[in-house]
Structures are given as structure tokens and as C-alpha cells.
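J.: Residues per chain are reported as follows:
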Amino acid sequence: MTTAEQEALIIRRKTPWWSLLARDKFALAAALWLTLMFACFLLGPELFGKAATTLNLRARNLPPGSTEHGWLMFLGGDALGRSMLARLVVASRNTLTIALTAVFFAMIAGGFLGMIAGYVGRGIGHVIMRFADVLQSFPSLLLAVVVLYVLEPSVTNLIIVLAITRLPIYLRVTRAEVLEIRERVFVDAANALGGSRYHILRRHITPVVAPTLLTILTVDFSIIMLAESSLSFLGIGIQPPEITWGLMVAQGRNYLSQAWWLAFFPGLAIMLATLSGNILSNWLRVVSDPEQRWRLEKPRTGDE
Amino acid sequence: MSSAPILEVENLQIEFRTGRDTVHAVNGVSFQVESGETAAILGESGSGKSVTASAIMRLLQSPPAFVAGGSIRFKGQDILSLPISQWRDYCGREIAMVFQDALTSLNPVFSVGWQIAELFKAHGIAKGREADNRAIELLERVGIPDPASRAKDYTHQFSGGMRQRVMIAMAIALGPDLLIADEPTTALDVTVQAQIMELLESLRQDSNMAMILITHDLSVVADVADNVAVMYAGRVVERGPVADVLGRPAHAYTLALLDSVPQARGKGSKLRPIVGSPPDLARIPKGCAFNPRCRFASDLCRNETPPIVEVTPGRTAECHHAEQVFNDG
Chain A
0 MTTAEQEALI
10 IRRKTPWWSL
20 LARDKFALAA
30 ALWLTLMFAC
40 FLLGPELFGK
50 AATTLNLRAR
60 NLPPGSTEHG
70 WLMFLGGDAL
80 GRSMLARLVV
90 ASRNTLTIAL
100 TAVFFAMIAG
110 GFLGMIAGYV
120 GRGIGHVIMR
130 FADVLQSFPS
140 LLLAVVVLYV
150 LEPSVTNLII
160 VLAITRLPIY
170 LRVTRAEVLE
180 IRERVFVDAA
190 NALGGSRYHI
200 LRRHITPVVA
210 PTLLTILTVD
220 FSIIMLAESS
230 LSFLGIGIQP
240 PEITWGLMVA
250 QGRNYLSQAW
260 WLAFFPGLAI
270 MLATLSGNIL
280 SNWLRVVSDP
290 EQRWRLEKPR
300 TGDE
Chain B
0 MSSAPILEVE
10 NLQIEFRTGR
20 DTVHAVNGVS
30 FQVESGETAA
40 ILGESGSGKS
50 VTASAIMRLL
60 QSPPAFVAGG
70 SIRFKGQDIL
80 SLPISQWRDY
90 CGREIAMVFQ
100 DALTSLNPVF
110 SVGWQIAELF
120 KAHGIAKGRE
130 ADNRAIELLE
140 RVGIPDPASR
150 AKDYTHQFSG
160 GMRQRVMIAM
170 AIALGPDLLI
180 ADEPTTALDV
190 TVQAQIMELL
200 ESLRQDSNMA
210 MILITHDLSV
220 VADVADNVAV
230 MYAGRVVERG
240 PVADVLGRPA
250 HAYTLALLDS
260 VPQARGKGSK
270 LRPIVGSPPD
280 LARIPKGCAF
290 NPRCRFASDL
300 CRNETPPIVE
310 VTPGRTAECH
320 HAEQVFNDG
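Residue numbers (numbering that gives the first Met the number 0), protein chains in the order written: chain A, 0 to 303; chain B, 0 to 328.
Treat the hints with care, since some could be wrong.
[Claimed, not checked] Computed beta-carbon distance windows for the label pairs:
1. E129(B) to D132(A): 47 to 55 Å
2. D222(B) to L178(A): 35 to 43 Å
3. G68(B) to L141(A): 31 to 39 Å
4. I222(A) to S276(B): 30 to 38 Å
[Said to hold, decoys possible] From the structure, some residues in chain A lie toward chain B, with a derived Cβ separation under 10 Å:
5. E182
6. A191
7. L192
Simulated from the structure, these hints should not be mistaken for laboratory data.
Note that beta-carbon positions come from the ideal geometry of N, C-alpha and C, so glycine has one too.
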């Protein structure tokens with residue numbers, strides 16, 4: 000072992016995760032942005048609930064950048080003269096609740112079914128895969144429209160519908176990964192040392208699949224926000240006066256030629272949320288992978 | 000040997016059914032392993048030795064693999080008729096296996112110590128700190144320097160030989176009575192091979208465990224095994240004590256195998272490789288499977304399956320010309 004390697008080993012054992020985060024500028028920025036969003040999620044409606052619904056007709060479609068109507072109007076006013084900033088903050092709760100819960104359930108359910116399909120057997124695996132085929136071959140928007148017309152458009156129903164339409168992706172990826180991992184020698188070794196099927200699935204297969212699923216989750220997060228906005232646009236998602244970023248984009252579209260900021264800022268919020276999630280999940284994947292972690296731990300040398 | 004055999008394999012037949020063809024990977028293999036001995040299974044690639052080992056551990060995936068006949072008895076218990084969940088209770092505790100590919104037989108996402116400790120936890124033998132300490136003890140026992148800190152390292156931080164040591168530590172952790180080592184040194188370089196074999200042999204002697212050593216390496220067999228079974232095309236073609244079989248083979252294949260090994264001494268003598276290649280196991284030749292490559296082959300060999308000949312007491316060979324090979328070889 001060379002001295003450089005030894006150094007790397009010593010550093011590996013000593014570097015805690017927060018110090019690694021501090022060294023990665025992008026990951027740090029992403030983490031800070033997500034923290035800010037989470038603060039809005041927790042406190043936004045309580046602090047700005049009133050400001051977000053107060054009409055100020057003099058500030059209708061007010062361009063951003065001026066503070067003559069107060070600092071809340073810094074990002075401009077919407078078509079009814081409500082503060083964009085306050086609405087963005089307040090909308091974060093609905094947006095994040097719906098998107099996070101939906102991706103989370105899609106991942107859990109899809110991952111679980113995918114593991115069964117990949118690990119348990121051909122019979123039940125085929126049934127599950129055909130179920131996924133059906134879900135995927137049916138236009139997801141149409142499915143959502145049908146379901147939400149039959150049931151009433153509430154937040155819970157919206158989450159369920161979105162989760163179900165996103166589920167096949169997790170299912171397929173998990174199954175494909177499981178099919179590959181179950182053939183690896185360490186699974187045979189665990190078998191030969193007396194590990195039960197459940198034990199192998201839990202201890203040996205799940206930890207290898209999990210990082211992939213988390214990466215898909217962050218990408219899916221934005222897709223769900225946009226899907227939610229199209230449903231809201233069609234009038235079967237979130238109903239005004241409740242707001243989400245997606246709904247704000249949809250409403251702002253009508254004024255795109257006169258007041259671009261109505262659709263731009265909520266769109267930017269969606270993009271930044273997704274981007275931060277993506278960067279942070281990428282960072283997490285590297286940190287949690289024992290074979291990659293050294294890349295972050297490597298001491299910085301000079302101009303690097 | 001007076002004690003009852005710990006493992007008896009009788010007329011084992013394994014087929015892989017792959018749509019068009021049925022591949023006969025193992026065609027009637029029989030052997031016994033006495034407790035405390037080292038039995039070697041010797042054969043070239045595709046002779047069915049690893050499939051036999053996987054069948055004993057019940058690791059074969061069915062389909063495509065099917066046990067078409069025969070029986071495997073471990074301590075008198077018929078393995079193949081046991082429900083798989085009951086057999087898993089034996090695995091690790093009474094019978095364990097070391098794999099050929101040391102580089103991939105450990106899980107890359109957990110530290111090595113964690114994986115060994117998990118073995119104790121999963122079998123309900125120890126938990127928490129105690130399991131960790133036992134893992135460190137085991138690492139020390141298999142010769143890993145500075146085990147307490149190495150236990151925190153991950154698989155990729157170990158060399159091939161070290162990984163194989165860890166794998167051996169896991170295999171012997173619960174004190175099995177039989178260890179199957181499936182080409183344990185194939186992926187390692189020669190100096191490390193010797194260390195690993197030495198380790199296996201000393202661990203075996205310490206705990207009086209029996210070992211099945213599966214290998215294609217004649218020198219390894221000669222070094223450590225008590226008895227050897229030579230396999231060709233899914234059959235055991237010759238069986239007996241190592242010194243006798245390798246010293247004076249009675250099967251044309253064993254003889255050819257010995258002739259094809261390069262010697263470190265005696266520069267200048269040409270190698271005599273076995274001509275041709277092993278048969279397609281979906282189309283095994285009629286008669287003796289080795290006949291197309293055999294220099295003793297006669298019409299008899301091409302038409303009739305050879306009988307099992309007892310060459311000397313305790314030694315058998317499946318060859319029409321066993322006497323001739325034994326005497327002239």
C-alpha cells in the first residue's frame with residue numbers, strides 16, 4: 000500500500016458527512032435551497048397566508064423588481080394583484096406535499112412489486128409485469144382524468160392517482176436490477192451460508208437497488224409536479240383558492256405575452272427544486288457508495 | 000475408515016433444459032466424503048464439478064437445472080427431498096461453501112466486519128457488540144492483520160487473497176462439519192494460492208472438518224487431498240486415494256491429464272496436451288465419453304459404456320482399458 004493510499008484510508012475514517020457536504024459547493028447550495036423550501040413548507044402558509052390572498056388591484060400584473068407596493072411585491076403581482084412572492088411561499092406546502100408523497104408511494108409500491116416480480120417467481124412475476132404494461136399502455140393523463148372525475152378531486156385522490164401512474168417505472172427498474180443482482184456470487188454465498196430468501200432480499204438486494212431508486216425519485220419529482228399542474232389546469236387537480244406551483248404556471252400561461260413573470264417564477268421554483276434534489280441525491284449516492292466515497296474525501300490539492 | 004460418511008452422493012444426474020437441447024451436466028456421479036477427510040474433485044472446465052457442488056448446496060436454479068436422478072445424503076439425511084427452508088438451516092451451521100470468485104462473493108455495500116457479524120445475527124447466535132467482536136476474532140483467525148480496523152473496511156479495499164480469507168472466515172464462522180471449496184484459489188495468483196490452501200488445510204485440521212476441494216489444479220490436489228475423484232463429461236471416471244491415482248493412473252483420461260501438466264524441471268521435454276476439446280454435453284458421444292480424444296480408444300470404447308473396474312481395493316476406474324493403462328501408463 001502506498002502512502003497516498005494510507006492517507007486516503009485515514010481520511011476516510013475521519014471525514015464526517017457534513018464536512019464532505021461543506022466541501023462540495025453545488026451540493027451545499029442544493030442543500031441550503033432545499034432547507035429554505037422546507038422552511039417555507041413548514042411555516043409559509045402561517046406567515047404569508049393572508050398576503051397571498053389579499054387583492055391589490057393597483058398592483059395587477061405588476062412587473063417584478065420594484066418595491067413601491069411593499070417588499071412582498073418584489074417579484075411582482077399576479078393577475079388579481081396578489082403578491083407573487085407570498086403565493087410562491089404558500090404554494091410550496093401543497094406542491095411539496097403532493098409531489099413528495101406521490102413519488103414516495105410510487106417508489107415504495109413500485110419497488111416492492113418489482114422485487115417480488117424479480118425475485119419470487121415467474122408466475123407472479125408475469126402477473127405483475129402485465130399489470131405494469133396495462134398501466135403504461137393507458138395514457139396516464141386520461142387515467143387521471145377518468146379517476147378524478149369519478150372520485151372527487153381532492154389532494155388525497157390526486158396523490159393516489161399520480162402515484163399509480165408513476166409506479167411502473169420504479170417497478171421495471173427494480174425488477175431489472177433484482178434480476179441482475181440475484182445472480183451475483185454474494186447472493187449465492189449468502190444462500191450457502193443459510194440466509195433465507197427474505198433475509199437475502201432485505202439485506203443483500205435492497206441496499207444495492209435503493210440508490211438507483213432514489214435517483215429516479217428525484218427526476219420523477221419534477222415530472223409529478225408538472226403532471227399535477229396539467230391536472231390542475233384541466234380543473235380536476237387542485238382547485239383555487241388552493242395553490243400549487245404547477246397551478247400558478249398554468250394560470251400564468253394566459254398572460255404570457257403581457258406578464259411573463261406570472262409563469263416564470265413558479266416555473267423557476269419547480270426547476271430549482273428538482274435541480275437541487277438531483278444534485279443532492281447524486282451527492283448522497285456517491286457518499287453512500289463505499290467504492291465512490293473517496294472521490295469526495297480526496298484532499299484538495301492546489302488549483303483543483 | 001470406520002466412521003459413517005458425512006456426505007454420500009449416489010448416481011447424481013443433473014440436466015439443464017434449455018428449450019432446444021437438454022444439457023447433461025452431471026451423469027451419474029457417486030462419491031463419499033468421510034468426516035474429517037479432504038476429498039478432491041478434479042476435472043477440467045465443463046466436467047460438472049461445480050454443478051455437483053451447487054447441487055449439494057442446492058443453489059441450482061430450477062428451471063433450467065433439474066435433478067434427474069440420484070440422491071445426496073448429508074449425515075444420513077436425504078438433502079434433495081428436504082424443503083428448501085429446512086435445508087437452509089443446515090447451511091452455514093453444518094455445511095458451508097467457499098466460492099471460486101473471491102472478488103465478487105462479498106457484498107460491496109457493507110463493511111466486511113458487518114457482513115460477518117450479520118451471519119451471527121441472522122443465525123441468532125450473537126448480537127450487537129458480541130457479534131462484532133466475534134467477527135474480529137474470525138478475521139484474526141484467517142490471518143488478516145490489524146483485524147479490528149480492517150473490519151470497518153469495505154470489500155473493494157481488500158485484495159483478492161484477503162477477500163478469499165474473509166469468505167473463508169464467513170464459511171467457518173459457525174463451525175460447519177463439511178466445507179465445500181469450489182476452486183478457492185483459481186482467481187488468485189500462485190503465491191497467494193499456496194497461502195490460502197495452507198490456511199484452509201490448517202483450519203480443517205483444527206476443527207476436524209471435512210472438506211470437498213473442487214479444482215482443476217493437479218498440484219493442489221496432490222498437496223492437500225486424501226482422496227480424489229476425477230470427473231470427465233459429468234461422470235466420475237476414476238476414484239481413489241490421491242497418491243495412488245496421481246501416482247499410477249488407471250484411466251486414460253487421468254493419465255492424459257498428468258501428461259499435459261508442465262513441469263518446472265526437465266526443460267526440453269514437450270508437453271502432451273489432450274487433443275480435441277471436451278464433448279458438447281448436449282451430445283455426449285456413444286460409449287466412453289472420452290473415446291474421441293483417447294489414445295487407447297478401441298471399437299469397444301466407441302460402442303459400449305465402460306464398466307466400473309475395481310483396480311485395487313478402494314480404487315475404481317471407468318475404463319475398458321483400465322488394466323492396460325494401469326500397467327503400462
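J.: Identify whether the interface hint at L192(A) stands, where standing means a beta carbon of chain B within less than 10 Å of its own.
T.: Status holds, d = 4 Å.
J.: Taking 35 to 43 Å as the hint, is the beta-carbon distance of D222(B) and L178(A) inside that range?
T.: Roughly 40 Å apart at Cβ, these two residues keep to the hinted range, so it holds.
J.: In this structure, is the beta-carbon distance linking G68(B) and L141(A) contained in 31 to 39 Å?
T.: violated, 56 Å
J.: Have a go at the A191(A) hint: is there a Cβ in chain B nearer than 10 Å to its own Cβ?
T.: holds, 4 Å
J.: Measuring from beta carbon to beta carbon, are E129(B) and D132(A) in 47 to 55 Å?
T.: 50 Å Cβ-Cβ, so the 47 to 55 Å window holds.
J.: Restraint: E182(A) near chain B, CB-CB cut 10 Å. Satisfied or not?
T.: For E182(A), the interface hint holds, since the closest Cβ of chain B sits about 9 Å away, which is under 10 Å.
J.: For the hint 30 to 38 Å, verify it against the beta carbon of I222(A) and that of S276(B).
T.: violated, 54 Å
Of the numbered hints listed earlier, those contradicted by the structure are 3 and 4.
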